[in-house]
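Student: Here is what each chain is made of, one letter per residue.
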Amino acid sequence: MADAVLTTLLQNQLDHISQHMGRVMERTARSPIFSESHDFSCFITDAQGQLISVADGIPIHTGGGGFAVKAVIRDFGARDDIEPGDIFILSDPYEAGGNHLPDWTIVHPLFVDGKLFAFTCNRAHQSDIGGGAAGTYNSAATEIFHEGIRLPVMKLVEQGRTREDLWRLLKLNSRCPHLIDGDVRAMIGSTKIGAQRIHALVEEFGAKAVSKGFGDILDYADRRMRAAILAIPDGIYEGMDASDTDCFSLVDVPVRVRVKVKDDTVAVDFTGTAEQIKGFKNSSIANTFSAVYVALFSYLDPSIPRNAGAFRAVSIHAPEGTVVNARYPAPMTSNTIYPATEIIYAVWKALSSALPEEACAGWGKAAHCISSGTDAGGKTYVMYHMHGYPGTGAVRGRDGFPSLCTVITLGGMQIPNVEAFERKYPVRIDQQEMRLDAAGPGEFRGGTGIDYRVTVFEPAEYSFRGEGSGIASGFGIVGGVTGAKADFEAFDRSGRPIATPRYGVKRLPSLGIRMASSAGGGWGEARNRTPERVLRDVEDGIVSIRSAREDYHVAIADDLAIDLEGTGRLRAAAGR
Amino acid sequence: MTDTTIGRNLRSPWRIGIDVGGTFTDFVLIDSDGAIVPYKSPSEPKNPAVGVLRAIDGAAAMLGLSTRAALEGCSHFIHGTTVVTNVLLERKGSKVGLIATEGFRDTIEIRRGYRELMWDHRTPWEDVLVRRKLRLPVVERVAADGSVVTPLDEATVREAAEKFRTEGVEAVAICLLHSYANPVHEQRCAEILREMLPGVYVTASSELAPIIGEYERASTTVANAYAAPKVLPYLNELRSELTRRGLSKDMLLVQSNGGAISLDHVSERPAALALSGPAAGLASLQLYGRQLEADHLISIEIGGTSCDVTVVSNGAVAETESVKVGDILIALPSVEIYTIGTGGGTICGIDQGGLLFAGPEGAGAKPGPACYGLGGERPTVTDAQMVLGRLRAGSYANNTLTLDASLAVNAVNRDVAAPLGISSVEGANAIIRLVEQNIRHAVEKVTLERGLDPGKFILVGAGGAGALHVAEVARRLGMKIAFVPRLAGVFCALGMCHSDVRHDLLQSMSRALGAELLSDLEDGFGRLEREGLSKLEADGFPSVSSSFEKKLDLRYAGQQWPIAVPAGNLNVASIRKAFDEEHERLYGSSQPDAVVEVVNLRLAAVGKLPQLPKGGDGLTQLAPAPVKERRQVSAGDGSGLQIDMAVLDGTQMCAGHFFNGPAVIEEVTTTILVGDGDRVEVDEFGNYRILIGSANAGAANG
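Chain order of the listed sequences is H and F. Sequential numbering from 1 applies to the first sequence in our numbering. Sequential numbering from 577 applies to the second sequence in our numbering.
With the rest of the complex left out, here is chain H:
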């Protein structure tokens, strides 16, 4: 069989296997974070820990998994201590190739003819891992020790026998041991199924062919990636996106990037980026690499396989001691969201001057909090206020989406139904509606963001993450305008305001929350939007008549008819 045909068949089969693993996880895990939010990724690496295939979990998981397997090889492989029947677990971002502590990775080695052949893995965000706040996000953390249990590379299963002592340790360090128990079992189950299927593949094609196929699959992605990069004009492009808080005080935290495109390579240099900060928005190296890959793959061709071969054309320099490569013991649980978002935006902005037609406007940053408490049955619950997710940015050809789960998911995370939340948590959600006059104007406008109101009936602990309520984050691009920032207020049951921090953990009585989530940015000049589309938004209560006139330069009468002449004048004036 021709090599290319074999490679096609192997790649197709390995992708099928990693998807099958994901399906097993989705269906068997206990926490809704997996079944509903897909906050996990199943992947396959070769014997050296090079990522071969990854099933679509959430995008920010992409490309980070290789670091975990390489840590296993470093800690155990080097002393020949990886045996058939072993299964490893790890999480620590400093010591074990993790991206942040809540993501535990199960690494399942598989052997062919007594030789280490590949790894099947599952990295998944646990419901709770101890630390200073229930639900893994301790926004008051100033050291990694405040964020939960740290797992070095450990054998959880030793030659087929689960280490019960270790299992108890894991459960003991979580506020939700019943979830940990079910979820880790589901993770292991998925890697076992993946391993079985790779054995079947080896049986069908032979170990030699499959092993060679791994290399060919990587080479293929390498070629595809380089072809895409060749289409970007050579040059050095700069981009910057910043936060205005270190979680404790207002301070400028810029992520700066210089993207150097030369022939078929991209060099991403973070020199000039802010030093690591006091709060938990510091990135690990695994997470920073992932964020860069998200930025590139979402900007370029989504059909390029996202494996270690495609990563070869990309070099990344993340200076130690900055927010994109923090030194121990900086806290970093937030990193898969912030600064991952700033990293993605800095790269997107840099690329927008190279390929403006393909430019992506900013998605709003989230500002919702997390409530946690004890349910009627005495079990700890953790509720993410997901119904207040922000609007997304526009691209050429479409407006932004009204509300998706932040850019690091690219929308691959489902928002549960209000009805499901109200059955599960002591809350009543009073509004989840598109905002008026919030979307960033443009030829294609941003997503509206959401007006969200909720009543929480019981006292609860709140972890605040008000990133989106500082500076407006859904930036406009190539002439488009930035979307409105988020607003967050809490008030007691009699309607009096309650002071809440932007970041931090606070125990509060029963309360109400009113939040307007960030809106997305627009693409292109607003005066190029067709008057009919503007009118439609006015009729639909998304854009006011005033905003139509001032932002889109379209004159609409009170009876909702377009004043063509007036529009012509307004647009001519705007074009000058």
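Keep in mind that the hints are not guaranteed to be accurate.
Claimed, not checked - Which bits of chain F does chain H cover? Going by a derived footprint, with three or more residues having C-beta under 8 Å, they are: (1) 695 to 702; (2) 787 to 794; (3) 995 to 1001; (4) 1005 to 1018.
These are computed hints drawn from the structure, not numbers from a lab. For each residue, glycine too, the CB sits at the ideal point set by N, CA and C.
Knowing the structure of chain H, use the given hints to seat chain F on it.
Tutor: What follows is chain F alone, placed relative to chain H:
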């Protein structure tokens, strides 16, 4: 096929099944002796009813009957219609208004914030079926436990009705929060709207799909409202035309769940017709299951553009709680049809990175595959089959189509073989290998990923192209038998003649499973059963021919996805045990100590049609099938070798004929590939059974 039924006296009453496809309208008549008469005539996409009536006229004429006689003799007229699907796909529905709880009118546009193909964030969503200015809030609120938090402010309903009137809305969907737990506000809204807007179609989510989840309920209800004003008049007109022409019984329609239903009963829920046509294929599959005395079957129905995979497991059709038509979610029970974009017209080539691809692009009916000579230049799966010698060159379908092998060779050579430096036969083999891998993956999605062992199933190849792949796919999945129905071309219409009448009823619950729940379960099922019985009686089914299938949707507390467990015998301990076992089987784990939640009570009320007698001809003496000719056909092992393969004429084969592969069988509507080492037998019903790897188990070809 030399059809022995034609010219024979048909014994009334008979059943007629009519399936409307994009190109052909298929007609099947089965008489009281079980004799089957198939007939195909062109569809009329602009007005499908014209195509239906034409098919009846044509079939009647072929049988030497008047149309009136054909219809008067008919006891069950069962129709699969694509009008609902087309209205939804082509966005040609009515102008819809939506009534929502204040604060939640955008649920349907937010779409749970989910992008299935997340990396492709540039592709826009299609417009929602009801735009924002027609999504109007009413003041009311029901809590999760069904208690009323805020009473319905009827003035806000009236205000909305006025606005709908001004806007000329044709249908209104009502979806209020937690209406599955307490429908009283939705019911009152419906009353007010019906009173104020006579002639406007009104549909409420609590009546249509009382499930937990406002997005799914709203989407379903809006789709129902969107389709109803367009499809109900059409179906009513078709019914009266049929009555006028002699049909004395009510026309039955196939629902997405595979069961038939009268038009009157489906007029509240036309969205249940979304998969009307293809769902009937399941009844065919069940019919073949009875003939084969097998209760594990999977069909791969492959046409020009897609491959539909359906499963019958333990004699039961695989079902799903919702279907998607385009991007529109309809949360009504449906047979599960898993579709991939692999068909005869799927375009193949080498991508920019040097690997082979098959799809997703297709060549369509025009220009079609390169070998059609209609201007298509890119190689398709059909061209690969042509290169491999499996399809015969020359004219087809009464000379309306001529296949040219040299065009296929050129296309495969230029786009696949030459870039890889291999022969055109090797290139064509690679295409088929990839396509069959994709078909295998599709079959695994509906078996392995559910904990079913595909090796235990019989694989049925249907549609024009299914029979070319069925033996090889079956072999690679470890199956023992591949099956090709003689009537592969009218698969769904045949199924319609065997579709039982069915009503699906549901009550959501969300309570922990325990002994104390027993009386609630009994009450719930009792209520559903009474409702089902009265519906079946109205359809003319006495209670003796009615049956009720009870199921509970169960899950471990905290899980999202429930598993349906049979609950015919309401014994909490045994239901619990069955659930644990099912979970273990599906997912390799169970949690015997965990709390199990009852999510829904489900009841299917089925009115059984009487079983038809076997219509097959009696066995003749076993004999090897005659070889029509031999030609060069690829060995199919990837070597590029061509062998001198036997070609059999299907129309000359009847019950008792067998042949040891490799062989190609040319049927009227399909071509069957029998692999090296396989044995094909024509069964007593005239269908083809391919026994995988059993060539030496029986007599030699002679």
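Student: Hint compliance check: list the failing hint numbers for this structure, sorted ascending.
Tutor: Failing hints: none at all.
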